[in-house]
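Q: Going down the list, the sequences are from chains L and E.
Taking our numbering, I'd label the letters of the first sequence as residues 7 to 387.
Taking our numbering, I'd label the letters of the second sequence as residues 2 to 383.
Source of the hints: derived by calculation from the structure; they are not laboratory data.
Treat the hints with caution; some may be incorrect.
Stated by the list, open to error - Derived lysine-lysine pairs resembling DSSO-like cross-links, with alpha carbons at most 30 Å apart:
#1 L:K110 x L:K146
#2 L:K227 x E:K340
#3 E:K246 x L:K227
#4 L:K180 x E:K246
#5 L:K272 x E:K365
#6 L:K386 x L:K318
#7 E:K326 x L:K371
#8 L:K348 x E:K365
#9 E:K326 x L:K270
#10 E:K340 x L:K272
#11 E:K326 x L:K348
#12 E:K267 x L:K348
#13 E:K375 x E:K326
#14 L:K110 x E:K340
#15 E:K326 x L:K381
#16 L:K348 x L:K386
#17 E:K369 x E:K318
#18 L:K386 x E:K267
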Amino acid sequence: MESVTYLQMNLIPMIAIIMMRLNTERTLSYTWRNRALRFIMLLIAILLGANSIACMIQGRRSFGMHSLLLICGLTTFFIMEFAAFLWLLYVRDVATNGDGQYGKRVLIPAIPLLCALVLYVSNPFTGAVFFVDANNYIRKGFLFELYAAVAAGYLLAASALALLGSFRQPVQEKKRECRCLAATVCLPAGALVLKVFWPKIDLFWAAVVVALLTVYLNIQKDQVTQDGLTGLNNRRRLDEYLKTLQERGMEGTNCHFILMDVDKFKKVNDTYGHVVGDMVLKMVADQLKKSFGGLSAFLARYGGDEFVVIIKGKEDDEVWARIREFKESVACMDWQEEQPWKLAVSVGCVQYGENGVCEVEELIKIADARMYEQKKGIKKA
Amino acid sequence: MELITHLSINLFPIAILLTIYVNNHKREDRTSGNRLFNMLTILAIALMVADILRYGLQSLHRVPISGQYVFHIIHMLLVVAVPFVWLMYVCRKLEVRNPGPWLDAARYMTFGGAVLTAFLILITPWTHSIFFISRAGYYRSGQLEALPNMVGILFLIGSVAVVASAYSHEVSKEGRREVTYMLGFGIGALCGITIQHFAKGWWTTGPCFALSILFIYINTQNHQITTDGLTGLNNRREFDAQLAKKIELYPEHEWGLLMIDVDDFKRINDQMGHAVGDEALWETADILRHVFGRDRALLARYGGDEFVIIGDWFDEKEVGAAIEKIQTEVEKFNANRKKSYELSLSVGYAFWHEAGRRAENLIKEADKRMYAEKVRKKKTRG
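Excised from the complex, chain L in its bound form (with noise of 0.2 Å):
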């Protein structure tokens, strides 16, 4: 095939990559996180510039070509392992729900890559894994099955950690991007398989680079959807959820819908400042992940102080126990040192079908009226 194709091929991808990666500078916020996944972004823009060069150069003879194809070889196949060994570490950072504070550990699955550096840097001299004929094209050396094998490996465990992770994880959301992590790793390797089966057409680099969008789009859309402060579904995510709910119909199944309120939260806003107000919703939001989460509810922050929780086919004695163990739970809260007052949420609760009522929209109502009459019953206390 002609260079030129060659060319595109790899430059469009790379515009792309380029692309998202100055875009990440906006949105993504600055965790460890994230940067790991910024550098991979970056790690794969430069080799697929090098990958470029490679094309255009090859099989031109004049002088320092041959070097130049050295270096470019170098850096497509280090940048190779070192990227999937960070992407091991972003998964498994998304999957324990890490911090990134590893520390030494992360030195046992570097292993691999640290061989294969030791292997790379002296694969000028000994032309192991790969080497440069003397019509300057990149030849394939006997060791070059290992380098698939490495990176193979790393994007493997990778996938393994995902898919475990998304079994422990409580949270419905974070199952989700889990699960999506795990199925990544599809992508590339389809593409493999496509060039088994026709040489001609190499579209791993491509693949690669539609998998760092899907990953970067699901972290996108996440954003959109979520609340910024509490990390609950926001009111946006919530109205598509109950209109999706309304549409598939709930019939037969047992659905709660809970409406909860913090009281005296205005209060708490004035006295103390919307530093405090804050942290108290956070707490709150945090109590609510670990009480709902179990039992894979939809959470969502509705406005100011007022959350929703909306638990599928769960009998009435158990969500209601689960939510007297809220309440306590929030009651226990240290939430300034002297306490000068205990914190308390108010809970409507109403089950699908309830007096015949079936539409979301009123079912909400229901909530929020039985909600105001708990609140007007602790004020008049």
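Following the hints, put chain E in place on chain L, whose structure we already have.
A: Okay, now just chain E, sitting in the frame of chain L:
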């Protein structure tokens, strides 16, 4: 050989566009702008599929000539259609922001041009004006071969011009940024179609369309993440992120923060309904945008009825001037607009150096001053 070339170049852009389409389709956002965007994505996919198919059929040699005609014609129609839909999308987006009769005029003119070109392409099998298929089953160019590409280029140049002329109407930084992105799209697509037309062996039309669509999609997503839906200012998340960035990168800089609260917002909301309350918030945001939009200030909606602004203020005098500006605008608004409610804002301020260089203190301090101001107002009013 041709088939393999086209497959390897086009499969990647197709995969990108499919990812975007699936991602966008799931969302419940059914505005006409978004529908046009979905259509654009599908048409661009179709363009590349048609491109693959026409060369695939040619290399098979067994397909009747009419079949080849069909795919070449579809491809050419799409080369015109994609820029056309893009132009429509740009017009729709700009119309939402600042409507004008000239946008309608542009739309009708391009519609006429597109229909005429489509007609010429459709009658090509009989006139052989744009291309024809030789007896041996090969593609041969006609006299007007450049027509579809040229019309596409023309549409894209038109869209770039429309966007560029809208740039000067934008008041806020956010608006300008979005217009710049649209400009980027137009230029990217334009480059693609031009390179393919003039350089042999470069099949860039489809891939460049795909890249540009990706560019716009990622940026609109970003826009949704960082702005508040009601007021169009930065939202809380973006404010926190920008603040953290500012603190981390330039801890030595000196700047001030204003915290603004709408007085009696709860009363407006409860007595006159949420619609009026929303309007009050929107008007407040507009006033702030008017005062600070062109400065290097960061405007954000902090919570329900609270707004924050970060700007280069060093002492009480400068902050006083800024607050003065806001209050005069509010008075002007109350005098001119004659709304059912009277807008009044309480403003608190804090300085970065004064707050001991801690973000929590900064907000706390501004909060306190704002609250004091509120209390003072209530007292004077009795």
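Q: If a hint holds in the structure, say so; if it doesn't, say that too.
A: How the hints compare with the structure:
1. L:K110 x L:K146: violated, 35 Å
2. L:K227 x E:K340: violated, 39 Å
3. E:K246 x L:K227: holds, 22 Å
4. L:K180 x E:K246: holds, 27 Å
5. L:K272 x E:K365: holds, 15 Å
6. L:K386 x L:K318: Violated: L:K386 and L:K318 sit about 34 Å apart, past 30 Å.
7. E:K326 x L:K371: Violated. E:K326 to L:K371 sits at ~43 Å, over the 30 Å cutoff.
8. L:K348 x E:K365: holds, 22 Å
9. E:K326 x L:K270: Distance ~35 Å between E:K326 and L:K270 Cα, so the pair is violated.
10. E:K340 x L:K272: Given that 30 Å is the threshold and the Cα spacing comes to 28 Å, the pair holds.
11. E:K326 x L:K348: The given pair, whose Cα atoms are some 43 Å apart, is violated under the 30 Å limit.
12. E:K267 x L:K348: Holds. E:K267 to L:K348 sits at ~25 Å (cutoff 30 Å).
13. E:K375 x E:K326: Roughly 18 Å between the alpha carbons, so the hint for E:K375 and E:K326 holds.
14. L:K110 x E:K340: violated, 65 Å
15. E:K326 x L:K381: violated, 42 Å
16. L:K348 x L:K386: holds, 16 Å
17. E:K369 x E:K318: holds, 19 Å
18. L:K386 x E:K267: Since the Cα atoms of L:K386 and E:K267 sit roughly 22 Å apart, the hinted pair holds (cutoff 30 Å).
Comparing the model with each numbered hint stated earlier shows that hints 1, 2, 6, 7, 9, 11, 14 and 15 do not hold.
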